[in-house]
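Novice: Chains as they are written, first to last, in our numbering: chain Y, 711 to 1002; chain X, 17 to 253.
Simulated from the structure, these hints should not be mistaken for lab results.
Ideal Cβ positions, reconstructed from N, Cα and C, are used throughout, including at glycine.
Incorrect hints may have been included.
What the hints assert, rightly or not - Computed Cβ-Cβ distance ranges for the label pairs, DEER-style: (1) 65(X) <-> 784(Y): 54 to 60 Å; (2) 906(Y) <-> 249(X): 31 to 37 Å; (3) 752(Y) <-> 249(X): 39 to 45 Å; (4) 784(Y) <-> 69(X): 50 to 56 Å; (5) 249(X) <-> 829(Y): 24 to 30 Å; (6) 838(Y) <-> 98(X): 52 to 58 Å; (7) 838(Y) <-> 83(X): 35 to 41 Å; (8) 223(X) <-> 829(Y): 45 to 51 Å.
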Amino acid sequence: MIDLPTPAPGLIPKLSLRNVSKNFHTKTGKFNAVQDINLEVHEGEFLCIVGPSGCGKSTVLNIIAGLEKPDGGQALVNGKPILSPGTDRVVIFQELALFPWLSVLKNVEFGLRMAGVGRKEREEKALHFLKMVHLTRFSHSYVHELSGGMKQRVALARALAIDPEILLMDEPFAALDAQTRDILHEELQEIWAATRKTIIFVTHNVREAACLGNRVLVFSTHPGRIKREFEIDYARPRHLEDPNLITFAKNILAELKAEVEKVAQEELDYDWRTGKKKLVLRAGDHDLGSGI
Amino acid sequence: MIWEVASRIEVWPRFLFPAPSEVLQTLLQGFADRTFIFGILASLRRILLGYSISLIAGVLLGLGISRNKFIAETIGSLILGLQTLPSICWLPLALLWFGLNESAIIFVVVMGALLSITTATESGIKNAPPLLIKAGQNMGARGPRLLFEVIIPAALPSIITGMKQGWSFAWRSLMAGELLYGSVGLGNLLTVGRELNDMSQVLAVMLIIIIIGLCADYLVFTRLERGMRRRWGFEAS
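Full structure from sequences and hints, please.
Specialist: Here is the structure:
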């Protein structure tokens, strides 16, 4: 392997996607999951991606994680092409994917064990991150004994313990109740501020995106493309109910609404299309796009 | 009670239908003169040996079939066909291959458990949640470590079920094998009892076989299964 000269930090983006495309083959033929995605993410950014279901936002995340290969274009981390999954980019899946045969502590230790970290050191590290998510009391419990919010915390601790450069989160809070989600929003912002990780956060909740992200990308569907980009230049810590943030969310929602209608046009029956029904969306719609 | 009374009033001839007290006496006597102990030890030795071999070979075969297309297409389909064959049918073949000795009977035990452990391992691995495998890869698990730390643990519930089923098949195969051919062993004690027309010995040995089967099932496999289920959260603790 040839060592490329490393340019000064800051010049090359942490992550860049260049004309990335991905097709899927189904019974009805080929369809473009994502097409010509161009994206640069810089170190320490908190980027949110919103879009209707099926717009390929999870595909983009998988490509960055190295779990899927793009059919066209290039994905680069620190200027080097992504060839395989790597511990510099860790995904937190919506379904969390915690290991049911391991205790909470052993789950958090898993990545460190794979990296060959010694027993004592990895236990210390794991406990440190469990403390960060306030779960030390449950370190010897098994996964099924935890509530949804607690499982989410374990997944977060497990990802942070690996010390990735980029944290990829795929609708991580979608299955949680509103109160738990609020608390986790706050804590995620705190953790982000403390660790300065680059975070890419996929969601279909517009308000969540406006609350968490420095930058929000709206995806369009069929094919999945970046439709518009919003900068959310607003002081932290932010709270979901902040009226100023709701203004941001409204703008994003306006952009998204057209896309959601497009999906509905394609997917729903003829009577829906001809019934002159228009979607009335409020900024408070949590699960925009998921139930259509 | 009913058994004792029915036997005492001699509904059937006494030598065909002994009273439980007589069976108990035979049992005690058998243990006292050590014939039963030797029989039990000989059978246990065979099953432990045979079962260990089939456990290791079964898991390896299951792994091979689920991970390698060539093995799957060759041995995989063969195994499906062989599963319909009761393992005792391997005895004549084993006798010709290994001769009239221990190896032949252990071979039959191995064949009894091997296939169910193989198929259970294979299906467990094939049904291992892809998401967990992705998560493992994502956290830096590769090759053998991914296999041993993620895929096999994920397949464990199925493997344990196969182990349990394999054990009972192995135990049955062993008994059948010992009945047909055998030096010392529980099955052989049954044959001797029949030849001597000693029904109480036959019943006593049957009891021992049942008890050993139950013990293994309860003390080993049910515990193993319960521990796993509790950990995974399949049952309320």
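Novice: May I ask which of the numbered hints given earlier this structure violates, with the numbers listed in increasing order?
Specialist: Structure breaks no hint.
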